[in-house]
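A.B. asks: Take a look at the letters that make up each chain.
There are 2 protein chains.
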Amino acid sequence: MKVQKLTLADAKFERSPGQDDDIFTANLVDERHGGPITIGYGKFGPNQTLDAKIVVHDVMIVLEGRLSVSSDAGTVDAGPSEIVYMPKGVQVTIRSYEGGATTAYVTNPHWREAEDSR
Amino acid sequence: MKVQKLTLADAKFERSPGQDDDIFTANLVDERHGGPITIGYGKFGPNQTLDAKIVVHDVMIVLEGRLSVSSDAGTVDAGPSEIVYMPKGVQVTIRSYEGGATTAYVTNPHWREAEDSR
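As you go down the protein sequences, you meet chains A and B in turn. Here the numbering used here is used: the first residue of the first sequence is 1, the next is one more, and so on. Here the numbering used here is used: the first residue of the second sequence is 1, the next is one more, and so on.
Only chain A is shown next, with the shape it has when bound in the complex:
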């Protein structure tokens, strides 16, 4: 495997599995590439809500906009350059505000494989 640069311009956004809201993911590195990590970008439209059981260790870095993440640890609110770490097994509700949000994410192991095998 070689060093790779990843950019938003390379991201092909798709709807998150099992939902039809304005929430999109774009894996750029994942199980197809032979490493243990998935890397991608996420996009949330305005005022969206995503309820999810987190099936892998999931690191979300906010690049633009703001998101809130509610769990049994309470609610955190994250803006640009802030990171929300969602460990495997937690139940979360992620909400965007009027301005929507753009994120980068890194997961270990690969989230799509974990979702598919549920």
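No wet-lab data here; the hints were simulated from the structure. Heads up, a few of these hints could be off.
Identical copies carry no separate label here, and so any pair may be met within one copy or between two of them.
[Claimed, not checked] Calculated cross-link-like contacts (lysine-lysine; reagent style PhoX-like; alpha-carbon spacing at most 25 Å):
1) K53 to K2
2) K2 to K88
3) K53 to K5
Go by the hints and put chain B onto chain A.
C.D. replies: Chain B in isolation, oriented as in the chain A frame:
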């Protein structure tokens, strides 16, 4: 483990191991927390150069400024919201420009344990 928000304000920056340049790292989640992922922030002063053998899978998200990363795959240049994925085993030279740079990083497994056991 619970959902955690991480911010630059929480980061306690230290010099990278084995070098005395103006390059600093701050782990916020790592081997002390029981998961498989290290998460932190990095800071590069102006015009710094770091030569490193990458001992873990290392994802670097540029938050501010610009960096170049040279390897046997060539040289890539990354600015805000761009990501450089450095797979385990690659040899890289990371350079900052006049404005320095701030990054977020995610590694699997934990980079500090891997460095310590070299």
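A.B. asks: Looking back at the numbered hints, which does the structure fail to meet, lowest number first?
C.D. replies: none
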